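Model the full assembly from the supplied sequences, consistent with the hints where possible.
Protein sequences appear in the order of chains A and B. In terms of the numbering used here, the first sequence opens at residue 16 and continues consecutively. In terms of the numbering used here, the second sequence opens at residue -8 and continues consecutively.
FYI, nobody ran anything at the bench for these hints, they're computed from the structure. Only a predicted model underlies this, so the values are computations on that prediction, with no experimental measurement involved. We put the CB at the ideal spot given by N, CA and C, even for glycine. Hints are not guaranteed to be accurate.
Claimed, not checked - On the chain B side, residues computed to face chain A include the following (Cβ under 8 Å):
1. -7
2. -5
3. 49
4. 90
5. 91
6. 98
7. 155
8. 278
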Amino acid sequence: MIEIPAWMVEILFTFGIFLIITVSLNFEVGYAGIPQFGRVLAVLIGAIVAGAVPGRLLVAMFNVSVEYGGEEIVPIGADYANHLINFRLVDRINNEILGVNPGLSIAMLIFTLLIAAVFGALIGYLTSYPALRLKEAYLGITLLAFGDTLQLIARNEAGIVGGTQGVFIPNFFKWTGVGSIQITNKILAILLISAIIFLLVELIGKSPFGRSLKAMRDSEAAAKVYGKDISRLRGYTLMIGGALAAIGGALYVSYTGSMDARTFTRLTWTFWPWAFMMLGGTGNNVGMLVGVLFFALFRYIIVAYKTVLEGFIPINTAWLEYILIGLIIVAVSMFRPQGLIPEKPKTILKREEIEGVASSTSEEGA
Amino acid sequence: MIEVILTALVVSSGIALAAAGITIIYMSTETFNFAHASFTAMGFFVVYHMLLLFGGSPYYYFPFAALFTGLVGVLVYLTVNKWLIKRGADMVTLMMSTLGVDLILFGLINHWADFIKSTIPESQPRNFLLRNMDPIFNLGFIEIPARIPISLILVVAIILSLHFFLTHTKFGIAMRTTIENPTLARVMGVNTDMVYLTAWFIGAALAGLGGAILSMIDTGSPIVGIRYIVPLFAGAIVGGLYSVFGSLLGGFLIGLSQQIGIYLVALSIGSQFIAYKPAIPLIIMVLALLFFPEGLGSLQAKLRGRLFTKPKVVGGGGK
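Written as structure tokens, this is what we have:
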């Protein structure tokens, strides 16, 4: 069994998770031209689902009980998220159920991701209401506002995912081993899922649906002339993008093992993916790969060489990271708005082939 | 209740001024400025740092807060925004570039807080409150802290001077011309570059001044901009984004409803809803966008005959 060295874990984890988020963002922004400034919304709903659903389901299925206030209870309502109960409950789930039952663990992981995707799609469907009526900055700010509102709810309603105390997520990888072996397996699973999502979006992008999205992005009027239903296209895009981002959110909390709504800020889950996307090349999935990998390495280097950096730049590395990411965003938008790997224009047929087609059709006509 | 209203007036004044700043920059350069959050936070820090260094009343340093952020705004224009406008960048690129600027400024403000802490060890740059330094006027039946008259006077003074500037000075008229039709303005010999630069200066200075006012009522910290950005955008959007006075009105609507609305909700339903205070501007903004997409500016335009507003449709203009 291979083991991923500790220094690579952080890089691969950031890479895998943010590849999913950035590809989903690129699908909406780069392919369909929707200014999605509320990416955190769908990511957060995925994380909420992972925090709220599988644990409660397992408790209900196996009648897991804990002692609380002098009596044995089986908490599946708001008390599941109570921080005095939750950690003991999840501990029992991990040790007694998931740790000894690989089949169930895998099934629960897949089930969680599917439910997250369904909720993400639902959120996408809901945001299509303003997305059909507003344009550019107005839509961007509205989506940003939705993201903030959901975070506010998740943070304050302790009955869903524990509010500011957070909840623990059942460990779907307990059966694979302990320590670095388990982490390796988690990372491999994340990379596998992000690869599947990457290929999926690549396929959708090349399909007639993906091509009509790009047509809509370039000229709504032209797309309408060719009989494309703009509102339906936008709606589907938001649903697909939301579902993928929600899977990313669910995977993230499943890896870390705990869900705290406060970590889902618009900075990390909306603006960073925007930066990765712009750096890589909006509209181009291979660009996403490059952009996310660059940032994953970049963040690792900043953290790893913290003390060296602080020697000659007298700024705390936490703030230096903001400044450098900001500089990259500004530099990309100023000097290379098309990104490192620009989107290739759709190649048209070769001249001879067009002539061939033209002559054959004219012969038919004659 | 009277205290809640008085507090709400101060918060609204700060939000309204900063929201007007967003609108001025948006109207002239079509840049939806994310860095406004950091401009507001800088207003907090200029007042706090100068107060630590020189003492006296915080109000002495309000002009410096406006001047400092105004100059930072000019710097942002000269280094970033100007070149993007020259290249004809689209709205989303302009918006993203200011997001980059915001991250840089956020990092620098945090470093500024570290710097204050290291040079003045007894300071609290990550959690400071200037409210207690405010002189209080005793009117017999009620005690009024100085921040209430001062913030209202500042708002009125800004409205009057902006009005005078835009209608009675040559440069102000040139500015309105540029906003309505940049190409024509350039043909007429208006230096549009100077107009954009002035817009950034005024817009950023208003954000700094708004931040300075807010520093008299709210706890200051480097993350204060992140907290205020949504009410600021909401104020500007409710105002319609193409009228300075509309966004002042929008800022007041957002500020008052946020402060008074949450008080009424807490009073009538329960205090557990206080945590949802930040949601009020969002709800108002979404409602305004969905049902009143022209914004409050359109209302004012109808009343005042489109005096300071940018018409929605500008035929043939374009940059």
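Going through the hints against the structure:
1. Annotation: residue -7 of chain B was flagged as interfacial toward chain A, and the flag is violated, the nearest CB pair being 28 Å apart, outside 8 Å.
2. Interface restraint check for residue -5 of chain B: the shortest CB-CB distance to chain A comes to about 21 Å, outside 8 Å, so the restraint is violated.
3. Taken as an interface hint, residue 49 of chain B does not check out: its beta carbon lies about 26 Å from the nearest beta carbon of chain A, beyond 8 Å.
4. Interface hint at residue 90 of chain B: satisfied, since its Cβ lies 6 Å from the closest Cβ of chain A, which is below the 8 Å cut-off.
5. For residue 91 of chain B, the suggested interface contact is upheld, since its CB lies about 3 Å from the closest CB of chain A, less than 8 Å.
6. Using the Cβ-Cβ criterion of 8 Å, the hint placing residue 98 of chain B at the interface with chain A is satisfied: the shortest such distance is roughly 4 Å.
7. Interface hint at residue 155 of chain B: violated, since its Cβ lies 29 Å from the closest Cβ of chain A, which is beyond the 8 Å cut-off.
8. The criterion of a C-beta within 8 Å of any C-beta in chain A is not met by residue 278 of chain B, whose closest approach is roughly 11 Å, and the hint is violated.
When held up to the earlier numbered hints, the structure conflicts with 1, 2, 3, 7, 8 and fits the remainder.
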